[in-house]
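Student: Residues per chain, in single letters:
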Amino acid sequence: MDNKSSNNPLESYEYKYGFTTDIETDAVQLGLNEDIIRLISSKKNEPEWMLEYRLKAYRHWLTMEEPTWAHVSYPKIDFQAIRYYSAPKKQSEADKPKSLDDLDPELIKTFEKLGIPLSEQKRISGIAVDVVFDSVSVGTTHTEVLDKAGVIFCSISEAVQKYPDLVKKHLGSVVPYTDNYYAALNAAVFTDGSFCYIPKGVRCPIDLSTYFRINAKDTGQFERTLLVCDEGGYVNYLEGCTAPQRDENQLHAAVVELIAFDNAEIKYSTVQNWYTGDKEGRGGIYNFVTKRGKAAGKNSKISWTQVESGSAITWKYPSCILQGEGSEGAFYSVALTHDLMQADTGTKMIHIGKNTKSTIISKGISTDRSSNAYRGQVKIMPSAENARNYSQCDSMLVGDQCSASTFPYIEVKNKTATIEHEATTSRISEDQIFYLQSRGLDMEKTISMLVNGFCKEVFKELPLEFSVEAVKLIEMKLENSVG
Amino acid sequence: MNLLSTYERFSQAYPAEGALASFRQAGYDYALNKGLPTRKDEEWHYTSVKVLSEVNFMPSAFNPVEPNHDTILEIKKRLNPAFTNVVFFNGVLNKTLSEELPTGFSLRELSEYPNHFDDAFDALNGAYLAKPFALSLAKETSVEKPVNFIFFTSVEGGPALMVHPRLYVEVGARSSVKFMESYYGKAGVSYFVNSVLDLHVGESAKVTYVRVQGDNESAINIGRTRLCVEKNANLESLAFATGAGLSRHTLEVVLKGPGSNSEILGVYAVQGSQHVDNTSLIDHAVGECNTNQLYKGILDGESRAVFCGKVLIQKGAQKANSAQLNNNLILSSKAEADSKPSLEIYADDVKAAHGSTVGQLNREELFYLQSRAIPKEKAIPMLSYGFLSEVIYKISDENIQKWLSRQLDEAFSRLSLNR
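Going line by line, the protein sequences match chains Y and W.
Under my numbering, read the first sequence as residues 681 to 1163, first letter to last.
Under my numbering, read the second sequence as residues 3 to 421, first letter to last.
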């Protein structure tokens, strides 16, 4: 614990994704106004309706107030000091990269450093990746396999051009721009993100993945993901994110919308590892994200799995609207906070349809001086006959300077509902520590083993690659915190 | 705020000097400034008190009347010979109906006032404070018979009344006492009760505190209880609510010294369009304290029950042990239960757990009784009654148990179970 105060906190902190890439960027000036929005829209060569949508959202955003109810505190954000568009400089339309090999080598190197198989020869890894660098998508892999199956997977700007009907129909149908402050902001300025459409009866042959990277200084990242899974479809979707170490805070306000029709199933997993700021709480990403899925069809399923181990501040509630009869929603979360991180995360399960089911498993681990809160809502509407919910939220405290909070909101308007919520908070049991140590494990291994055991219920929901990564990530983070 | 419109007249009718005058004024200023809470306030998210700004209420102190014969009969029904009964009629102490306080107690006028208000209702109560009482029990005194402060409200014609009882109770070190406050009103009469009670549980003292809210369904009852628990003390607290159209009880338990044990209980049974809100804060300010909270309720008709319970374990309050549970039984398809148990923990060597359930009767239990030849129509009320009475029987005093189960019977007779 005592080697914490190093002269250069940025150096002592082992955030291995903290490098920046020197790459020529094409960026707009700082600040936000209607002209900037028009500029973004024109840079992306968007149709008129898209611009209209953005402007409507922007005008609505101006009337809204920044929410303050979350259990986090931070200095007021100056929305005029953010750059709303930054993109690796592209060649003109004519010599746009035809394959990923034509990409800026610097960029490819960046992603290789991050361990993202961007180049096609690494196809072997078997995951289709859409990579978003600052404000734009720079490439999508495995397009052939996906084309064969009829799956559409591309950046959202491409989708606006190529599949305007699909985008127009579904964009904002789950998270309307009136939803909340950051959703409105995102709708006004979102620059890129992923779009995915799984046609009727198609099981997506490979896992899909989006990788987000904030690189440029002063930029905010506002990506938008739209995932539509038509009747009987199935998709496993992964999302990862990192950012360089910087002294000032950067804003990330994304919106993710999922729609599942009859018998469709969407699994959405996130490993969030944005830069957390240094030991004194300088810098780091403000991660203010709205994620929501609509289980619109009969027996549709949506599951959110997240490992939240990054960001200075996390404000994130992946939710499910269970509209279809017999639909199911699930939320599995591990949130680890260290140093001065603040996390206020959880979920919302809105039961509308009959025989709907939801499961919430949340594990929070707070260490150092961090604060970690679970905030979740379970709402049973009068129409939701025989709805069932089970929630379990456990918190673990490591050190006496951190805090853990649980704020469940349970609203039941139907007598046939069965709702169970339980939460516990405790520290690692001394008996368990003693047992492992008596078997020859050192303190660090012991803690890491116990924490992994504590999170097991969630980790087992993650796809294999992510599960391995998540375990490593938690171990690495704990190394710095448990002394 | 229309509730303050009679303040001027009140302060002329009941002139005050010194500390009381400035306390009233502070209450007036605070309430005026803050206004009534709205559903935008996180603490009042599920309970709307808009109705209070739509009706005009007159401070009960304006028109002190003696209860008439019918009312006296009704009040007498609320007196239990096993208790020491102290009766307040329309907020004023009624000497004829009240009994002498047991030895060890002293009732005096309050001389010191708190310097802050918790919310607009607390302040409103302060603004309309006519005669502040402080009740204290000497140290090392054990009082066997429960003391019941009964607040009965009734008026024949005229505008609706508002009553603002405020009481300070201090229990000396190593003393033992059972203290109850009960609220009732004449059937059909609408009124607004806004009570504030501060109870100080001295070192190693043993206290049972029961708040019975049995108002009629046209009444509004807003109450705040602050319990301060010292070192090694033992506390049993029960909030019992079966009445009022709109009721809200805010309970604040502050654990000031290590080694205390607190059992914090709640029972509610509501039907029709009743709305009952139980909000509580259990503040582990120091470590090594045990708290166990259990609130159970039954909802029928179009009623709504709210439970917002917060357990706060402050920095350094190591070895705190806290459990919290809220169970709701919904009998009707139009009733609504909102439950918000929350934990805020700033210390690591603690045990804290909470749980909340909303549901119907257990099918297996029902089946068991039916298999023992008890028809469904009888088994349902039986199980529902057992569901609630379990909480009442956690109170150690038998006389209180009996008295409360009688009141629970009354409430059950109003539920659709028996029909």
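Read the hints as simulated data drawn from the structure, not as lab findings.
Since the structure is predicted, the reported quantities are computational estimates derived from the model, not experimental observations.
No residue lacks a Cβ here, since even glycine has one placed at the ideal position from N, Cα and C.
Treat the hints with care, as some may be off.
Claimed, not checked - To give a feel for the contact side, a few chain Y residues facing chain W, derived at Cβ under 7 Å:
#1 711
#2 713
#3 942
#4 945
#5 1080
#6 1085
#7 1091
#8 1098
#9 1103
#10 1104
#11 1105
#12 1108
#13 1113
#14 1114
Said to hold, decoys possible - Think about it this way: if two alpha-carbon atoms lie no more than 25 Å apart in a straight line, the pair counts; the simulated BS3-like pairs of lysine-lysine are:
#15 Y:1125 x W:133
#16 Y:947 x Y:1028
#17 W:208 x W:147
#18 Y:1059 x Y:1028
#19 Y:1125 x Y:1037
#20 W:336 x Y:1059
#21 Y:880 x Y:959
#22 W:336 x W:258
#23 Y:842 x Y:880
#24 W:321 x W:208
#25 Y:880 x Y:724
#26 Y:1125 x Y:1140
#27 Y:723 x Y:848
#28 Y:849 x Y:756
#29 W:336 x Y:1034
#30 W:52 x W:336
#31 W:258 x Y:1059
#32 W:258 x Y:1136
#33 Y:1028 x W:336
#34 Y:1125 x Y:1028
#35 W:353 x W:396
#36 Y:959 x Y:1125
#37 W:208 x Y:1037
#38 W:52 x Y:959
#39 Y:756 x W:42
#40 W:396 x W:336
Student: Hint by hint, note whether the structure agrees.
Tutor: Hints versus structure:
The beta carbon of residue 711 (chain Y) is not positioned within 7 Å of any beta carbon in chain W (closest approach about 31 Å), and the interface hint is therefore violated. Interface restraint check for residue 713 (chain Y): the shortest CB-CB distance to chain W comes to about 30 Å, outside 7 Å, so the restraint is violated. Taking 7 Å as the C-beta contact cut-off toward chain W, the hint placing residue 942 (chain Y) at the interface is violated, the least distance being around 27 Å. The beta carbon of residue 945 (chain Y) is not positioned within 7 Å of any beta carbon in chain W (closest approach about 28 Å), and the interface hint is therefore violated.
The closest approach between the C-beta of residue 1080 (chain Y) and any C-beta of chain W is roughly 5 Å, which is under the 7 Å cut-off, so the hint is satisfied. Satisfaction of the interface hint for residue 1085 (chain Y) is found here, the shortest Cβ-Cβ separation to chain W being roughly 4 Å, below the 7 Å cut-off. With its C-beta approaching chain W no nearer than about 5 Å, residue 1091 (chain Y) sits inside the 7 Å limit, and its interface hint holds. Interface restraint check: residue 1098 (chain Y) against chain W, minimum CB-CB distance 4 Å, threshold 7 Å, status holds.
This hint holds: residue 1103 (chain Y) has a C-beta 5 Å from the nearest C-beta of chain W, less than the 7 Å allowed. Proximity of residue 1104 (chain Y) to chain W holds as hinted, the smallest CB-CB distance being about 4 Å (cut-off 7 Å). Evaluation of the residue 1105 (chain Y) hint against chain W yields a held restraint, the C-beta minimum of about 4 Å falling below 7 Å. Taking 7 Å as the C-beta cut-off, the interface hint given for residue 1108 (chain Y) is violated, the closest approach to chain W being about 9 Å.
At its closest, the beta carbon of residue 1113 (chain Y) sits 13 Å from a beta carbon of chain W; the interface hint therefore is violated under the 7 Å criterion. For the restraint placing residue 1114 (chain Y) at the interface with chain W, the shortest Cβ-Cβ distance is roughly 15 Å, beyond the 7 Å limit, so the hint is violated. Restraint check: the Cα-Cα separation between residue 1125 (chain Y) and residue 133 (chain W) comes to about 65 Å, which exceeds 25 Å; the hinted pair is violated. The hinted pair formed by residue 947 (chain Y) and residue 1028 (chain Y) meets the criterion: a straight-line CA distance of about 16 Å does not exceed 25 Å.
At most 25 Å may separate the alpha-carbon atoms for a hinted pair to count; residue 208 (chain W) and residue 147 (chain W) meet this at roughly 14 Å. Between the alpha carbons of residue 1059 (chain Y) and residue 1028 (chain Y) the distance comes to roughly 8 Å, so the proposed pair stays at or under 25 Å and holds. A hinted pair counts as satisfied when its Cα atoms are at most 25 Å apart, and residue 1125 (chain Y) with residue 1037 (chain Y) does not qualify at roughly 38 Å. Our distance criterion of 25 Å between C-alpha atoms is met by residue 336 (chain W) and residue 1059 (chain Y), whose separation comes to about 15 Å.
In summary, the hint linking residue 880 (chain Y) to residue 959 (chain Y) is not supported, as the alpha carbons are separated by about 49 Å, beyond the 25 Å threshold. With a C-alpha separation of about 42 Å, the suggested pair residue 336 (chain W) and residue 258 (chain W) falls outside the 25 Å cut-off, and the hint is violated. The suggested pairing of residue 842 (chain Y) with residue 880 (chain Y) holds, with an alpha-carbon distance near 19 Å, which does not exceed 25 Å. Straight-line distance between C-alpha atoms of residue 321 (chain W) and residue 208 (chain W) comes to about 22 Å, which keeps the hinted pair within the 25 Å bound.
Simply put, residue 880 (chain Y) and residue 724 (chain Y) have alpha-carbon atoms about 30 Å apart, too far for the 25 Å limit, and the pair is violated. A C-alpha spacing of about 20 Å is found between residue 1125 (chain Y) and residue 1140 (chain Y), which places the hinted pair at or below 25 Å, so the restraint holds. In summary, the hint linking residue 723 (chain Y) to residue 848 (chain Y) is supported, as the alpha carbons are separated by about 19 Å, within the 25 Å threshold. Pair hint residue 849 (chain Y) plus residue 756 (chain Y) does not hold up; C-alpha atoms about 35 Å apart against a cutoff of 25 Å.
Distance check on the hinted pair: residue 336 (chain W) and residue 1034 (chain Y) sit about 16 Å apart at the alpha-carbon level, within 25 Å; holds. Between residue 52 (chain W) and residue 336 (chain W) the CA atoms are separated by roughly 22 Å; this keeps the pair inside 25 Å, and the hint holds. Distance hint between residue 258 (chain W) and residue 1059 (chain Y) is unfulfilled; the C-alpha atoms sit about 37 Å from each other, more than 25 Å. For the hint linking residue 258 (chain W) to residue 1136 (chain Y), the alpha-carbon distance of about 39 Å lies beyond 25 Å, and the restraint is violated.
At most 25 Å may separate the alpha-carbon atoms for a hinted pair to count; residue 1028 (chain Y) and residue 336 (chain W) meet this at roughly 22 Å. At roughly 35 Å between alpha-carbon atoms, residue 1125 (chain Y) and residue 1028 (chain Y) are farther apart than 25 Å, so this suggested pair is violated. Between residue 353 (chain W) and residue 396 (chain W) the CA atoms are separated by roughly 22 Å; this keeps the pair inside 25 Å, and the hint holds. Using a Cα cut-off of 25 Å, the hinted pair residue 959 (chain Y) and residue 1125 (chain Y) holds, with the two alpha carbons roughly 23 Å apart.
Restraint check: the Cα-Cα separation between residue 208 (chain W) and residue 1037 (chain Y) comes to about 46 Å, which exceeds 25 Å; the hinted pair is violated. Of the pairs offered as hints, the one joining residue 52 (chain W) and residue 959 (chain Y) is violated, with about 48 Å between alpha carbons and a cut-off of 25 Å exceeded. In summary, the hint linking residue 756 (chain Y) to residue 42 (chain W) is supported, as the alpha carbons are separated by about 22 Å, within the 25 Å threshold. The straight-line distance between the Cα atoms of residue 396 (chain W) and residue 336 (chain W) is roughly 31 Å, outside the 25 Å bound, and the hint therefore fails.
Hints 1, 2, 3, 4, 12, 13, 14, 15, 19, 21, 22, 25, 28, 31, 32, 34, 37, 38, 40 from the list above are not met by this structure, while the remaining hints are.
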